[in-house]
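Peer 1: Put together the whole structure using the sequences plus the hints.
Residues -32 to -1, 1 to 407 (mature numbering (1 follows the signal peptide of the UniProt record, and there is no 0)) make up the sequence shown, in order.
Quick caveat, the hints were computed from the structure, so don't treat them as lab data.
Just so we're clear, the structure is a prediction, and the values are computed from it rather than from any experiment.
Take every hint as true, because none was put in to throw you off.
Simulated pairs of lysine-lysine, DSS-like, Cα-Cα distance not exceeding 30 Å:
#1 Lys317 - Lys266
#2 Lys264 - Lys170
#3 Lys156 - Lys221
#4 Lys158 - Lys132
#5 Lys317 - Lys41
#6 Lys158 - Lys266
#7 Lys158 - Lys211
#8 Lys382 - Lys170
#9 Lys132 - Lys317
#10 Lys221 - Lys132
#11 Lys382 - Lys156
#12 Lys382 - Lys211
#13 Lys170 - Lys132
#14 Lys211 - Lys170
#15 Lys264 - Lys317
#16 Lys266 - Lys221
#17 Lys221 - Lys145
#18 Lys221 - Lys211
#19 Lys266 - Lys145
#20 Lys158 - Lys145
#21 Lys170 - Lys158
#22 Lys156 - Lys170
#23 Lys170 - Lys266
#24 Lys211 - Lys156
#25 Lys221 - Lys158
#26 Lys41 - Lys170
#27 Lys221 - Lys170
#28 Lys156 - Lys145
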Amino acid sequence: MEEVVLRNQSRHALRIAALTLSVAATAGTALAAPSCGTDPVVLNSYFETGFPLPTRLAEEFTRQFPNVTFDIKEDQFANMMENSPRILSEPNAPDLIRVPSITDLVANNLLRNLDADFDALGWDQFPAGQLVQLRVEEGGRPRGTGSLYGMGINYSMTGVFYNKELAAQIGMTEAPKSVAELDALMAKAKEAGILPVMQWNKGTGGFAFPLQNLMGAYGAPEPINDWIFQKDGATINTADNLKAAEHLEGWIKAGYFPSDANAIEYFQMMSRFMGGEGLFMFNGDWESGNLDTNAKDKFGFFIMPSLEEGGRHASMSSPLTFGISANAANPECAAFFLDWVARNEEARKINVEVGGSNPGGPTDLPMPAVEPGSVTEQSLAAGATLAQDNGAMDFIANATGAIFAAGWTPELQKMVGGQQNAGGLLEAVQREYETQLSR
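Peer 2: Below, the structure written as structure tokens:
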């Protein structure tokens, strides 16, 4: 193991040296690429509660670079959405922070511009599509172009997990190839006394997951990305999205979700699903490693089917985004860590085994091996299908810093409670979106 560590360090040192010479030759001055040096460094870090991947990566980084340790604080996703501006404004702002949405943070000059790190660390070797969601124009909008303000520590996608035992009980022998086939499986489960879908909707609107998957089935992902990226004139209230919202409303009225969905938090959903409650669960591939480790061979994963068999697949797919505070004490070490996560062999292995997602990085780096038949193998294969169809969408909750809390969550909770319909949902969210952009 020591030999592996030394080899990894040597490779990284040689690459940094080569980059330094390249940059220096270009600029005519001796510019050093970001690194953590040899003096003691403590990276002030703010991670998301309940997701072990960043901490596991931090532990491995300290093992390879013992002069660097991490002071980790954790919080829930909803709190991070609300509190990130305040935390990044404090004198002791995090060096590394999980950032659910970056537009408002960029508008308020709270995140480090990573363009210099992009050049010095050779991030032009990464596929441009991996970084497009993390680019923002000056002033915070639109997204998708402009300077780089974040990096993904992996690149996840959402789809549908299923319980193999329950699937066998209703005669499901393969993944559905169309929305109609998915509907039929839900109906068979309901008829057999099996809960068709386990889903959470408390705290943050977990019903946004099936809704956006349906949006991707009924329409193209590009207009949805335009809305998320705050392009001029973009709207979420389209004819295709209305059909998707009506379809979700139909599932709710058919009793396909838990009757207490508005009282179920994310981690309660995971516990109940892993305990055998629910044929399906709309969620992200970040749970693949968890299911492989703690419920081996009991679950599977498939990409959301297209509306008609053979159609284009589209799904939520985005980087697990981390930014560096504009006031960070150790910004270069933080940038070096983000680069190491993507390139280091052991880090990529941890990313796949624990995170269950594509580690990203340069395309010439091999994908770590996974166990045949595992949930992780299935989710990575689904990601390849999504890439082939060019169907990646960012998450509709990331359109603004507050749209999840002030728009999607309350309106989806109303829909589950029978107090909102599909048209009213989209109208209300679009009004809230426009209100937030006007501030």
